[in-house]
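Asks: Now for the letters of each chain:
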Amino acid sequence: MVKAKQAAVLEKCPTGIKGLDEITKGGLPKGRPTLICGSAGCGKTLFSMEFLMRGAMEYGEPGVFMTFEETPEDLAKNFISLGFDLPDMVARGLIATDHVYIERSEIEETGEYDLEGLFIRLGSAIDSIGAKRVVLDTIEALFSGLSNAGIIRAELRRLFHWLKERGVTAVITGESGDRMLTRYGLEEYVADCVILLDFRIQEQISTRRLRIVKYRGSSHGADEYPFLIDERGLSILPITSLGLDYAVSSERIATGIPKLDAMFEGRGFYRGSTILVSGTSGTGKTSMSATFADAACRRGERCLYFAFEESPSQIIRNMGSIGIDLERWVKKGLLKFHSARPSLYGLEMHLVTFHKVIDAFKPQVFVVDPISNLSAAGTPSEVKSILTRLIDHLKMKNITTYLTDLNHFGSSLEHTSEEISSLIDTWLLLRDIELNGERNRGLYILKSRGMAHSNQIQEFLLTNRGIDLIDIYTGSGEVLTGSARAAQEAGEKASELASRREAERRLREQERKRNALETKIAALRAEFDVETEEVHLMAKEEQKRQNVLADDRLEMAQLRKGKPSAPRAVPTKKKRERRVK
Amino acid sequence: MKTDSPAKGKKEKTDATKEIWNLRLYVAGQTQKSITAFANLKKICEEHLAGKYRIEVIDLIKNPQLAKGDQIIAIPTLVRKLPEPIKKIIGDLANTERVLVGLDIRPISG
Chain H
1 MVKAKQAAVL EKCPTGIKGL DEITKGGLPK GRPTLICGSA GCGKTLFSME FLMRGAMEYG
61 EPGVFMTFEE TPEDLAKNFI SLGFDLPDMV ARGLIATDHV YIERSEIEET GEYDLEGLFI
121 RLGSAIDSIG AKRVVLDTIE ALFSGLSNAG IIRAELRRLF HWLKERGVTA VITGESGDRM
181 LTRYGLEEYV ADCVILLDFR IQEQISTRRL RIVKYRGSSH GADEYPFLID ERGLSILPIT
241 SLGLDYAVSS ERIATGIPKL DAMFEGRGFY RGSTILVSGT SGTGKTSMSA TFADAACRRG
301 ERCLYFAFEE SPSQIIRNMG SIGIDLERWV KKGLLKFHSA RPSLYGLEMH LVTFHKVIDA
361 FKPQVFVVDP ISNLSAAGTP SEVKSILTRL IDHLKMKNIT TYLTDLNHFG SSLEHTSEEI
421 SSLIDTWLLL RDIELNGERN RGLYILKSRG MAHSNQIQEF LLTNRGIDLI DIYTGSGEVL
481 TGSARAAQEA GEKASELASR REAERRLREQ ERKRNALETK IAALRAEFDV ETEEVHLMAK
541 EEQKRQNVLA DDRLEMAQLR KGKPSAPRAV PTKKKRERRV K
Chain V
1 MKTDSPAKGK KEKTDATKEI WNLRLYVAGQ TQKSITAFAN LKKICEEHLA GKYRIEVIDL
61 IKNPQLAKGD QIIAIPTLVR KLPEPIKKII GDLANTERVL VGLDIRPISG
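Top line first, the protein sequences correspond to chains H and V.
When we follow this note's numbering, the leftmost residue of the first sequence carries the number 1, and every step to the right adds one.
When we follow this note's numbering, the leftmost residue of the second sequence carries the number 1, and every step to the right adds one.
Extracted from the complex, chain V is given alone in its bound form (with noise of 0.2 Å):
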């Protein structure tokens, strides 16, 4: 289940860094905090990173030997794999403002 988000984004933010951001959100089947969260991620992503960032979504359920790789115990979960250092944000991603304080993005300015 992998979902690479179209790296080529209309509008350019202010973001500093040019890589990629390496996002996996990790579920446990098709519950609705799963769905909830990654419509949250896919909006906040748009917005914020449109153009260099990619989401990889893990079905716990259909591969549960990958929990153990991120230290995943809370469902949902984001993990921020790229840039460094890793980070990670539980919950359905609700509050937009802890997610880009959890992902250390900047929020647009002005």
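The shape of chain H in the complex, shown without the other chains (with noise of 0.2 Å):
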């Protein structure tokens, strides 16, 4: 059966186990064994255990469980630990249980012997049920309960090839050992995959680690994953079963503060975008936060608030001094919140929580506050591992995330938040202004990624009907804040007002000499106008003078007897002489 498929491409059997099946690009070898190794309560039992539940619930596919340490009755409470009843499985025929028990004193050896009994125990388990999978729970058990190490060498590798032969999928585990990867070397029987768990403490946290060391006929993710276990199983969180292929939003949401509304083109964010707001501690990172959730309860939307420093009722109250009532969107149910000390848990079970809030509350808008308390809980590293797979996350859904991060005193503002920057969509800096004897709070824009975006700072103020945004004094050359910003204004306003009544002074000024001019103007005029008249009068009376000679010259030829004059009436001296010759 198998045989008949290595031409093909390797069939997978899927384990249902949540991000294994992204890791292993569809799940475990079919028909084929899986030894998983790992030290003492890594979670090599119950990696098996959800292997077999989760085939036989989701994939129609019944399993053999052959436990060699553990009694049916604790197998029976481990189940019900994650949630499956096995005695009503192996009642339905879907799940076969067999408890191998070697008790060493018990047993004389004598002779030899093979191990055609345990062949029979698990093919008659096979039979029962038809199951298609099977899961040996240790099986190097062998090794210390009987003493000839060669017969159970060889009977090992007979009972894989068997395994193979009868085309079922098994998982064999297996304890760590020096220098190896299980004890007694079953990573030589098991050829095909090879998955190693691992339990690490560091500074008092404990994390979970699984990583495929072969896979063969396969490729796969070669990385250290996290995993945990909770009441749902096993979850391995892969950071790259998320690509970065998820449709975006192109609209728009306010911020809950106008002013600042307008620093982004009057139009706030974009919906399902990260935004980040960092800032030392007492900048008003909080009341940011608050606004915004405040915003998005007053559209309708559900926000869950993770708080990581307050407690949901401190935060209430705190809000309701800047005018801001949290509380009657707390009880409408548009509001949650989720408190909790972060060094509570490790990384990965916060990411689970996280998860499991999400998916419960399906907010529309997620506040964390603040996500640098999460650094307590691992190395940066990490911290930043499981904020793009929360992120990611959230993208996937379009769930607008905003995040705020408490830089230390004295370290670079931008510095705290540089692993977590290219996560960042909109990126929003808090900062003191100090001047003059006082702190002012300032607020601008580091990046805004998809829409233009104002380069002021502004100046950010608490009054008790919330934050407001003041533009900031810039004028001369210096910038201004705070009273020395009111200061300088009051200032700059008398000046003001100096120079327009200087102003006002010299247009009236003005016009005065104006006034002087015009009427010296007008005299002018009367007396030209006089002067022209009266030269008019002198041009009339030489015209009357002329004409009175001429009617005299004309007289006077009459009385010559001379040609009667042309009708011309002034003809000059010498044209009339010629004319005469």
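Everything labelled a hint here was simulated from the structure, so no lab data went into it.
Among these hints, one or two may not hold up.
As the list claims (entries may be wrong) - Here are the simulated EDC-like pairs of lysine to aspartate or glutamate, each with C-alpha atoms no more than 16 Å apart in a straight line:
#, chain 1, residue 1, chain 2, residue 2
1, H, K30, H, E165
2, V, K68, H, E103
3, V, K33, H, E109
4, H, K336, H, E301
5, V, K81, H, E106
6, V, K87, H, E103
7, V, K68, H, D127
8, H, K214, H, E224
9, H, K25, H, E11
Please assemble the complex out of the two chains, which come individually in their own frames, going by the hints.
Replies: In structure tokens:
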């Protein structure tokens, strides 16, 4: 059966374990044994139990659980802890269990033997329910139960071969040994797929990790993946399981602060984007988060608020002091607080808590205040990997994420967030501006992907009616805030008034001058008019005199019996003389 | 495949108890090891428990479900059901000394 498939692409057997099928690209090799190894308490048994249960419940593949360590009663209890009712599943023929008990002190060995009994038991269990999956947990007990290791090794080789021939997908667990994956070198027999589980404690916080050591004939994720165990079984968190292929929204949502909206083209943030507000303590990060949450609830959206520093009632009380009533939203069921100390549990557990609460509450807006506290629960690279996965998850669901980040005094404001800055779409920075013996808050936009945004530093005021932003004083080459800004503005107002008065005075003077000038002009014009009049009169007199003279001449000519003169009234002397000639 | 040996042995042996020894031999088909084991067992019983033993041979190929009850993994396995406590000996029973120790039978003295 397996042999026939070898030419084709390796068939996979989905485990149903969250995340594992993604990193193994489909599951465990179908019809072949897989070795799960790790130290005590790393979750081997749980892994194999879940593999079997999910197979039976979700993929219709009954399974056989052969345990060498636990009694059927203990086994049933373990299954219950994952929410599976083992006796019920056994009764329904989905699972068969067999507890192999080997007590060395009760067994005497003499002469040749083989492990055919084990084969027969396994075979009969498989046949009884038509099993497709088999778990052997842990077969190494044979080595401690029987003394003839040579026989065991030969029989194990035969067993794995036999399992392959039967075409069952088998999971074999094995305890880690020194410099070997397993104490008795089981990896030597299981050549197809080996998965290593690891359980580490760093700085009092435990982390479980999973690594695929080998997977013959298949590509797989090679990293160490953190995983965790909760009441729903194992969850492996592959960072690469979520690609960067989510759809984005171009819808814009208000920030809750009208002036801040104005800084983003007057329209606020993109829906589904990731917003980071960073600043030192006391710069108003929580107030901004609360304002944003309040704005979301006003729109009738659901908001999930993760508080890592304060209890919900404290936040509600404090925000009441700046005129934000969050309690009514809590009562309406639009706002949900989730408070926890970051050191309460490891990072992976935090991530799972995030996922669980998000999936349950289905918010449109998600606030974490502050994310920097998570760094107390892990190394920066771990925090980054957690946040990347969280943000990817939120983006997939188009949830607007609002994170705050506490910077430390003295360090560069941008520094602490460096590792996550690439994940952030819109980054607001709140900073102290210390000047003239007072501390004021300033806000500016460090970056905002995909939209025009203001480059101005705004003064950030917390009033009893919420947050207000004021244009900072940037006149005459200096930046002033707070009372210095107010003083400067008052001084400016005074000098402006004075100069306005001066200008008015000048205007009035000019007006007076103009009036004087116009009077003068009028006088001159009058004088001129008189003169003109006179000139006209004189001209008329002259005309009259000329006419009279002409008449006289005409008269004289008539008297001299000359030609009657042309109708030309006033011929010049010369012309007249020429004509006469 | 039950082989009840005659319980009326001729030689009274040293065993202190009068009870019947109930022995079970698990085999898987007629393999060489199984045949050897049965022969060895028969011989030892005849020598030491004549007349007060019963051997039950169980072929797991015919009755695979019986393997679970006695926690059989190795073949052949000899189980001493009675007298209590249950004892197990695995292997072809070639080493008589060890079988006697395993079954808690004191060897014939003298």
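Asks: Now look at each hint and say whether the structure bears it out.
Replies: Here's how the hints hold up against the structure:
A distance of roughly 12 Å separates the Cα atoms of H:K30 and H:E165; the hinted pair therefore holds under the 16 Å criterion. For the proposed pair V:K68 and H:E103, the alpha carbon gap of about 15 Å is at most 16 Å, so the pair holds. Between V:K33 and H:E109 the CA atoms are separated by roughly 14 Å; this keeps the pair inside 16 Å, and the hint holds. Simply put, H:K336 and H:E301 have alpha-carbon atoms about 11 Å apart, close enough for the 16 Å limit, and the pair holds.
Between V:K81 and H:E106 the CA atoms are separated by roughly 13 Å; this keeps the pair inside 16 Å, and the hint holds. Between V:K87 and H:E103 the CA atoms are separated by roughly 11 Å; this keeps the pair inside 16 Å, and the hint holds. Straight-line distance between C-alpha atoms of V:K68 and H:D127 comes to about 15 Å, which keeps the hinted pair within the 16 Å bound. In summary, the hint linking H:K214 to H:E224 is supported, as the alpha carbons are separated by about 13 Å, within the 16 Å threshold.
A C-alpha spacing of about 11 Å is found between H:K25 and H:E11, which places the hinted pair at or below 16 Å, so the restraint holds.
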